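Line order of the protein sequences matches chains A and B. Counting from 1260, one number per residue, gives the positions in the first sequence under the numbering used here. Counting from 1302, one number per residue, gives the positions in the second sequence under the numbering used here.
I should point out that these hints are in silico values taken from the structure, not numbers from a laboratory. Note that this is a predicted model, so its numbers are computed, not measured. Accuracy of the hints is not assured; some may be wrong.
[Claimed, not checked] Pairs of lysine-lysine residues, derived as DSSO-like cross-links and limited to a Cα-Cα distance of at most 27 Å, are as follows:
| hint | chain 1 | residue 1 | chain 2 | residue 2 |
| --- | --- | --- | --- | --- |
| 1 | B | Lys1569 | B | Lys1503 |
| 2 | B | Lys1569 | A | Lys1441 |
| 3 | B | Lys1503 | A | Lys1307 |
| 4 | A | Lys1307 | A | Lys1441 |
[Unchecked claim] Short, incomplete list of chain A residues facing chain B, as computed with Cβ under 10 Å:
| hint | residue |
| --- | --- |
| 5 | Arg1417 |
| 6 | Val1465 |
| 7 | Asp1490 |
The C-beta atom is built at its ideal place from N, Cα and C for all residues, glycine as well.
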Amino acid sequence: MNGVVPDADAPLLVVEDLTKHYPVRGGVWGRTLGSVQAVAGVSFTVHKGQTLGLVGESGCGKSTLGRTLMRLEEPTSGRVSFEGRDLAHASPAELFGLRRDLQMVFQDPYSSLNPRLTAGEIVREPLLVHGMGSKAEQNERVRGLFETVGLSAEMMARYPGEFSGGQRQRIGVARALALGPKLVIADEPVSALDVSVQSQVLNLMVRLQRELGLTYIFISHDLSVVEHVSDSVAIMYLGRIVEQGPVRTIFDQPVHPYTQALIRAIPLPDPRRRRQAVPLQGETPSPMAPPPGCPFSSRCAFAIDACRQAVPPLLPVGDGTQASHRVACIRAETTAAAWAADTA
Amino acid sequence: MALLDVDNLQVGFNTEAGLVRAVDGVSFGIEPGQTLGVVGESGCGKSVTASSILRLVPSPPGVFLGGQIRFDGRDILALSRDELPSLRGREIAMVFQDPMTSLNPVFTIERQMGEVLELRFGLDRAAARERSVQMLKTVGIADADARLNAYPHELSGGMKQRVMIAMALLCEPRLLIADEPTTALDVTVQAQILHLMRELQKRTGAAVLFITHDMGVIAEMCDAVVVMYAGRVVERGPVLAIFEHSLHPYTRGLLDSIPRRGIGRGHKAELPTIEGVVPSLLNPPQGCRFADRCFQHQRLDATCKRRCREVDPALLAHGASAVACHFPLDGSTQ
Chain A
1260 MNGVVPDADA PLLVVEDLTK HYPVRGGVWG RTLGSVQAVA GVSFTVHKGQ TLGLVGESGC
1320 GKSTLGRTLM RLEEPTSGRV SFEGRDLAHA SPAELFGLRR DLQMVFQDPY SSLNPRLTAG
1380 EIVREPLLVH GMGSKAEQNE RVRGLFETVG LSAEMMARYP GEFSGGQRQR IGVARALALG
1440 PKLVIADEPV SALDVSVQSQ VLNLMVRLQR ELGLTYIFIS HDLSVVEHVS DSVAIMYLGR
1500 IVEQGPVRTI FDQPVHPYTQ ALIRAIPLPD PRRRRQAVPL QGETPSPMAP PPGCPFSSRC
1560 AFAIDACRQA VPPLLPVGDG TQASHRVACI RAETTAAAWA ADTA
Chain B
1302 MALLDVDNLQ VGFNTEAGLV RAVDGVSFGI EPGQTLGVVG ESGCGKSVTA SSILRLVPSP
1362 PGVFLGGQIR FDGRDILALS RDELPSLRGR EIAMVFQDPM TSLNPVFTIE RQMGEVLELR
1422 FGLDRAAARE RSVQMLKTVG IADADARLNA YPHELSGGMK QRVMIAMALL CEPRLLIADE
1482 PTTALDVTVQ AQILHLMREL QKRTGAAVLF ITHDMGVIAE MCDAVVVMYA GRVVERGPVL
1542 AIFEHSLHPY TRGLLDSIPR RGIGRGHKAE LPTIEGVVPS LLNPPQGCRF ADRCFQHQRL
1602 DATCKRRCRE VDPALLAHGA SAVACHFPLD GSTQ
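Full structure from sequences and hints, please.
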């Protein structure tokens, strides 16, 4: 145990104003020409046993955010507190200990597993690194983990190349669970899988959360998947969270014009509900040259001059009675009314 | 008469382990102006089927094993190499998932579009440029005049996909084959490209063969659907029938496993799955290839089960649809 028993309502993870810049080098001498704000002042909270869905399109910074939380990337500034421990400034030794509580599942089950190790060795590796248990105990633990993720114990002796994509992702999940983590950051864990296999892995993750009390940060571009697994959702655009809130609120009453556009853009598997509306125009601007003011203003049908003056803060929606629903849009009243009128 | 008629197409690949029958008796037709979706998971043979129509399957290792593809009455597989260029691009155009499959990285967009126009329509450079600008505007590229001087790598993914669609449409093809054209794109850009394809089809009346793994895209775009599994067509029919009265357990399973709202499933509820994995096409099982994974099969008695295991189900007409299943989901037997 960690000495302090966290009370049930205390958040497991608190992220405050987290920023990650990358220098942009160029020219003959590789001088630093400027910087890209991959993550620009992101704040959120995740409670124990819950899933935060992190949504956005390519280049929005969602994967960088996940890697920065894991300290696979060094944050430029900001605070990350995990059960009250400071993650953003933890020393390598402290980080080593924290790794037991924080694990990651990656998108590509084809490149994230060492092809020269057997499936059993891959899952055992974290136990070896952290020196947990005797060889016999480790064997027993690996066997149990295989069972937990729905793989047979005979498969421990096989190499990754002998497994299907879905089975490899199960191995990735088993490895992440080996040290008994509290928080698992899953970056597009089902994006590379066929739909019939995707549902198997989603079911597995939901079941493990229930049985082990896991907390997830689920990073995905697929809104239908995020809606299915998440308790709360944060929508990212050009390095910033533009809207966050409980999953039902986000999907039923989205306020930010970008959230609304994303939800409208999902092709529904129902031929009777084809979209007629003209979709959101344009593409995400380069993170190297974000538009002035609101990052979405260059594509937004609601944008006015004031939107291009300053980055809008993330504020509670409406009268603030539902403080957990926040949006970064100065035209929130108008956009909320437009959505309500459109879906009435 | 159908514009395109694929009849019992069989295509294999020679591998070290033996012959893989990637497409094993596929049949369907497309009417002029129709959008036909071909849906299935990785390795089901949908892309090989599409490439065969333009004779783009590399040989070796590809081997044509039998069947016919008729386009407007002509037997495509019997055309000589000299006759192929008049078909490709001119009458049938193709858009791929990866735009770099068809864009040449060392030439500007103008040169690539111009080449097509000069060869096909004998336009001079100025006329070709004008026509190219017009087409880029049609596919929603702002600043089209300047973009013509760009090289492919200077464009974003969505922009490259638009250029590819513009090039495919330059020759006013009668059939457009789109192989996962939006799979690599962001969802808002996908929505733009799908919208564009629908608008263009309305205007030109071209038939479209739309290959995808995404049931949402199928529902959005297609008039009729072909569902493929392990190199075979397991079901085909009008889009509404496929979604609302699926006959094949695989079609039903695919639709049910998609997480989606508004169908009475709770948040974080268990999703229906299709257990097991696709069989190897090196040595496909006897009888129905889906039997191992089929929920319908589990419920049958021993005699019926044996029938699934031993007799290969033929694709038989069933109302407006056709299904390859001994025990379709409407309760009939065939």
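Does A:Val1465 meet its interface restraint, that is, does its C-beta lie within less than 10 Å of any C-beta in chain B? Interface hint status for A:Val1465: holds (5 Å vs cutoff 10 Å).
Chain B contact restraint for A:Arg1417 - C-beta distance below 10 Å: Cβ of A:Arg1417 sits 14 Å from chain B, so the hint is violated.
Given the hinted pair A:Lys1307 and A:Lys1441, is their Cα-Cα distance within 27 Å? holds (8 Å)
Please verify whether B:Lys1503 and A:Lys1307 have alpha carbons no more than 27 Å apart. Distance of about 52 Å is beyond 27 Å: violated.
B:Lys1569 and A:Lys1441: Cα distance at most 27 Å? The given pair, whose Cα atoms are some 19 Å apart, holds under the 27 Å limit.
Report holds or violated for the interface hint on A:Asp1490, using the least CB-CB distance to chain B and a cut-off of 10 Å. Cβ of A:Asp1490 sits 8 Å from chain B, so the hint holds.
Hey, B:Lys1569 versus B:Lys1503, does the alpha-carbon distance stay inside 27 Å? violated (40 Å)
In this structure, the hints that do not hold are numbers 1, 3, 5, in rising order.
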